[in-house]
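Undergrad: So the sequence lines, in the order shown, correspond to chains A and B. Be aware that the first sequence starts at 1, since it is given in our numbering, and climbs by one per residue. Be aware that the second sequence starts at 1, since it is given in our numbering, and climbs by one per residue.
Possibly wrong hints are sitting among the right ones.
What the hints assert, rightly or not - Cβ pair distances, simulated, as ranges:
#: 1; chain 1: B; residue 1: S64; chain 2: A; residue 2: A53; range: 33 to 43 Å
#: 2; chain 1: A; residue 1: A64; chain 2: B; residue 2: P70; range: 30 to 40 Å
#: 3; chain 1: B; residue 1: R154; chain 2: A; residue 2: R193; range: 45 to 55 Å
#: 4; chain 1: A; residue 1: R79; chain 2: B; residue 2: D78; range: 47 to 57 Å
#: 5; chain 1: A; residue 1: A64; chain 2: B; residue 2: S64; range: 27 to 37 Å
#: 6; chain 1: A; residue 1: P185; chain 2: B; residue 2: R154; range: 42 to 52 Å
#: 7; chain 1: B; residue 1: A182; chain 2: A; residue 2: K197; range: 45 to 55 Å
#: 8; chain 1: A; residue 1: R193; chain 2: B; residue 2: G171; range: 29 to 39 Å
#: 9; chain 1: A; residue 1: R171; chain 2: B; residue 2: Q109; range: 45 to 55 Å
To be verified - A short, non-exhaustive set of chain A residues, derived as facing chain B with CB atoms under 8 Å:
#: 10; residue: S50
#: 11; residue: T52
#: 12; residue: F63
#: 13; residue: Q121
#: 14; residue: E122
#: 15; residue: A138
#: 16; residue: L158
#: 17; residue: M177
Hints listed in this document are in silico derivations from the structure and should not be mistaken for laboratory results. Just so it is clear, CB atoms sit at the ideal spot from N, CA and C, and this is done for glycine as well.
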Amino acid sequence: MASTTPASSRTSPARPRSRRLRTKALGLCAALCLALPARAALPLPELSHSLTALKPARPAPDFALPDLDGKLHRLSDYRGKVVLVNFWATWCPPCRREMPSMERLRQQLDGEPFAILAIDQEETPDNVFVFTGQLDPAPGFPILIDRTSEVAPAWGVLGLPTSFLVDPRGRIVYRGMGGRDFDHPAMVETIRRLLEK
Amino acid sequence: MARARILAPLALLLALPAAAASPAAGQTATRDPDSGLFSWKKEDRGFSLELIQLYPDFVAALYSSRGLPPAVVDSMKDYCVFGTVAQNQSGGLLSYRVADWRYVTPDGQAHRLKTKPEWVAEWKKLGADFGWSILPADVSFDAGDWAQGFTTVRLPPGARFDLVYSWSHHGKHYTGKLENLACAPAQPPAAH
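Full structure from sequences and hints, please.
TA: Below, the structure written as structure tokens:
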């Protein structure tokens, strides 16, 4: 199973004019809407670097969602791996802040049985495409689109971002609400311990 | 937990007069020099709450940019909206319910805040919803958890009020107060 979205397919060089215009408009809108909160003194609380262990662990509800290229990803296909499942949206400031650290985490654990699935809430692939193009580093993990937020309620998500660690047996073992610094050593250590089990 | 929920509104009401007479201990206010907008924050017994002014035009633009029906955008026009950050700094489990919170206007009247489920129910009747934008209404936080979203107060631009809020930690119910808050002005100050 591919755990990354090929860069070539994400750049989509030959899009129709209408889509390019829409993308440009969305980009302008995203820039305005997302820049304003920062200018409007939205605070930047320190990103947490711990997750709460769930005891007992509970089965992770399965889902099947498309990525930006339309490829379907089922959580159950990732059985045998530790999976970080992240619920987010492009307009959500802490979601934006934590996403580069998710990619740095992915790079640190490259080659390990580890995957990240970031589930965008109620946005179009165009919305997300514009946003991910602004990130450094750009996400190399699948970004899934849930246009109607069907998956989040089953996972008990109350706010964005919320993240879960799923163990190789398909159980939710850690949860965190609010932005996280995912490549913090404490976070990496938590995941490495799961990988070693 | 059920007992705490029953007692919470009572504790809140009892706290109102005393809180109204006390200074805003531990409260900080910050003005962003670029936007001119204020934010207010208080950290108290493991719970941190911050409210940040937002211009009405910004809120309308955010909702419009979602492609939501105009009726949904219009539904916000009678409310002043604050960016809100609630953080659990206690090291243990902590919970809050926005339904227990009140904003107190200068005439001494205490008013309920419109909660996320109430917004979602209204927006669904209008054909859409953007519930993720509103501060989660009923949350049990684990250590290190935090939430961010909009808090809505049915007041005009520039109106002043106090926010009396509450939370529970280790079976105890606490009340806090952010004093002398103000809705953002209708427009940003004119550039010179």
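Undergrad: Determine for every hint whether it applies to the structure shown.
TA: Hints, one by one, checked against the model:
no.	hint	result
1	S64/B x A53/A: 33 to 43 Å	holds, 42 Å
2	A64/A x P70/B: 30 to 40 Å	holds, 34 Å
3	R154/B x R193/A: 45 to 55 Å	holds, 49 Å
4	R79/A x D78/B: 47 to 57 Å	holds, 50 Å
5	A64/A x S64/B: 27 to 37 Å	holds, 32 Å
6	P185/A x R154/B: 42 to 52 Å	holds, 46 Å
7	A182/B x K197/A: 45 to 55 Å	holds, 53 Å
8	R193/A x G171/B: 29 to 39 Å	holds, 32 Å
9	R171/A x Q109/B: 45 to 55 Å	holds, 50 Å
10	S50	holds, 5 Å
11	T52	holds, 4 Å
12	F63	violated, 17 Å
13	Q121	holds, 6 Å
14	E122	holds, 7 Å
15	A138	violated, 23 Å
16	L158	holds, 4 Å
17	M177	holds, 4 Å
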